[in-house]
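Q: Sequence:
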Amino acid sequence: METFDCELIRSAFPAQPINTLSSLAFIIAAAYLWRRRHRLFGTVIGLTGVGSILFHGNPSSLSSALHDGALVAAILGSGVLALRRIRLGAVPIASILVGAIGIVVWSTTRTGGSWCDPDALIQGHAVWHVMAAFAVGALAAKPTHESS
145 METFDCELIR SAFPAQPINT LSSLAFIIAA AYLWRRRHRL FGTVIGLTGV
195 GSILFHGNPS SLSSALHDGA LVAAILGSGV LALRRIRLGA VPIASILVGA
245 IGIVVWSTTR TGGSWCDPDA LIQGHAVWHV MAAFAVGALA AKPTHESS
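Numbering of the sequence shown is given in the numbering used here, commencing with residue 145 and proceeding in unit increments.
Keep in mind the hints are simulated off the structure, nothing from the lab. Nothing here was measured: the structure is a model prediction, and the numbers come from that model. Note that the Cβ used here is the ideal one computed from N, Cα and C, for glycine as well. Keep in mind that the hints are not guaranteed to be accurate.
Quick list of simulated restraints, FRET-style, between CB atoms [said to hold, decoys possible]: (1) I237 x S155: 24 to 34 Å; (2) R180 x M145: 33 to 43 Å; (3) S204 x L265: 34 to 44 Å; (4) L265 x F157: 17 to 27 Å; (5) G256 x D212: 11 to 21 Å; (6) R228 x T147: 15 to 25 Å; (7) T255 x R231: 17 to 27 Å; (8) R154 x G233: 42 to 52 Å; (9) D261 x R181: 36 to 46 Å.
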């Protein structure tokens, strides 16, 4: 069987069940962002989750374009929000730390990566989904020293 992001691609939906399920973490992060009144960023993160679910559930050129486009927007939005937080004197340490660890997990667990195991129940790419979703949610968390 063929693999992508280290998980085997099955012929039935979802093609990558673990990566598809873990994509829900972005939907949860989007709901949190909406509650924190980060509506535009929350929408982008929600679209990232939808694109990821579609891509890992039924890989195609269309789902790949949705996935990749939303991901680029999420990366840009994360950068903008992080810079805004830093300008306000609130360095998003948890977000940066979890995001950095997530990037290491993502890079080492890709197909052909040193930690890739397509037969593992816990997929590294799925762990990356959860860590990335936490990192973007943590960007919106109000620092304890910031006033209301």
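Q: Now tell me if each hint is right for this structure.
A: Structure-based check of each hint:
no. : hint                    : in the structure
1   : I237 x S155: 24 to 34 Å : violated (44 Å)
2   : R180 x M145: 33 to 43 Å : holds (41 Å)
3   : S204 x L265: 34 to 44 Å : violated (26 Å)
4   : L265 x F157: 17 to 27 Å : holds (19 Å)
5   : G256 x D212: 11 to 21 Å : holds (20 Å)
6   : R228 x T147: 15 to 25 Å : violated (38 Å)
7   : T255 x R231: 17 to 27 Å : violated (39 Å)
8   : R154 x G233: 42 to 52 Å : holds (48 Å)
9   : D261 x R181: 36 to 46 Å : holds (41 Å)
Comparing the model with each earlier hint shows violations of hints 1, 3, 6, 7; every other hint is respected.
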